[in-house]
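S.K.: Residues per chain, in single letters:
Protein chains: 2
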Amino acid sequence: MVRTGRRPGNQDTRESIISAAREAFAEKGYDAASIRFIATRAGVDPALVHHYYGSKDQLFLAAMRAPINPTELLPGILAGGPDGVGERLLTTLLRVWDSPVGAAAAAFIRSALTNELMAKMLREFIINRIMRTVAKELALDPAEAPLRVSLVAGQVAGLIMTRYLLRVEPVASLPAKTIVAAVGPTLQRYLTGDLSAG
Amino acid sequence: MVRTGRRPGNQDTRESIISAAREAFAEKGYDAASIRFIATRAGVDPALVHHYYGSKDQLFLAAMRAPINPTELLPGILAGGPDGVGERLLTTLLRVWDSPVGAAAAAFIRSALTNELMAKMLREFIINRIMRTVAKELALDPAEAPLRVSLVAGQVAGLIMTRYLLRVEPVASLPAKTIVAAVGPTLQRYLTGDLSAG
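Chains as they are written, first to last, in this note's numbering: chain A, 800 to 997; chain B, 800 to 997.
Mixed in with the good hints, there may be bad ones.
You can't tell identical chains apart in this list, so a pair holds if it fits in one copy or across any two.
[Said to hold, decoys possible] With a straight-line cut-off of 20 Å between C-alpha atoms, the simulated EDC-like cross-links for lysine to aspartate or glutamate are: (1) K855 / E886; (2) K827 / E936; (3) K855 / D844; (4) K976 / D993.
What the hints contain is simulated information worked out from the structure, not anything from laboratory work.
Work out the full structure, taking the sequences as your base and the hints as a guide.
M.R.: So, in structure tokens, the structure goes:
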């Protein structure tokens, strides 16, 4: 076997950090589980956790074995402000899921759905990290923001389920632009429209 | 033990019919699996299957151990025609899921999601039985109907997931009428609106 430059100890250290992170995120939630707490539990220096994983987001996604970092996609979606945000959100989402990364993302979601710990972590991350950023960047009314972002989460989850997991036709095979035309206005209304005019 | 009037043989016969039905629906799909075929496989007369289970729908739902018969709810939703159908659909759905039956329905969906055979049967039933009825009764353009009903299925699945399975707040706790006002127009647009105006 060819020896790599990496010392064997590194892999063990990384594994200890990931295990500690999983336990901490599940027990304490995304916000309360600090890098310092996770490092202490793994028996390493917090600087080493930062060195290996960068931000808490990245550590969380590594702990989830997530194939995509959704927080990297958010600035591009949110940069244009409220106008057209539904369409940009959906266009970005479909571009990622229709790419080769999509299969890994589908496998990831399947495993999260059948594993209670993973489901809890994923929900925590979506609510406390992604939704909070969306609400803040779009300057949503704080009284309405939680309903708006959870309606978006529900519609997006349902679309991912029909298009990518259960592969219900014709939603599974239609071009992205057809789906964006059909579902984009829903997301736009959930984020910025009048929700009491039923 | 108190003896009931039912002969012990009945329960075995029912079990044989249910087993045969599960296999047949999974192998051949909802349409192709006839009562006659299922009866032959169970080694009983087709009349006995009808006697125990009534229609093929009812046999299917019994085979799935489904706590609700959605086909019984459809006439009330569809009777008023296209106007307001989104609101009626959602009002009916929330009434059932908010009732004591909802907990059984949630357990049913959870088990369907983690069992491939059940997932296949459920998808088959939703697509070939429920969606087809909706499309026909609302006289949807056959070229558009499959997209329309699968968009509805996706939004409904996502709402059930957020409100009842993952219990994401505030969607989980808001009164039904707030959810109907927010999501009803989405279902209405998916069923009868312009889907190309993205």
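S.K.: Does each hint hold? Answer for all of them.
M.R.: Hint-by-hint comparison with the structure:
1. K855 / E886: neither (29 Å within a copy, 42 Å between copies)
2. K827 / E936: Classified as neither; 26 Å inside a copy, 50 Å across copies.
3. K855 / D844: Classified as within; 15 Å inside a copy, 64 Å across copies.
4. K976 / D993: between (25 Å within a copy, 15 Å between copies)
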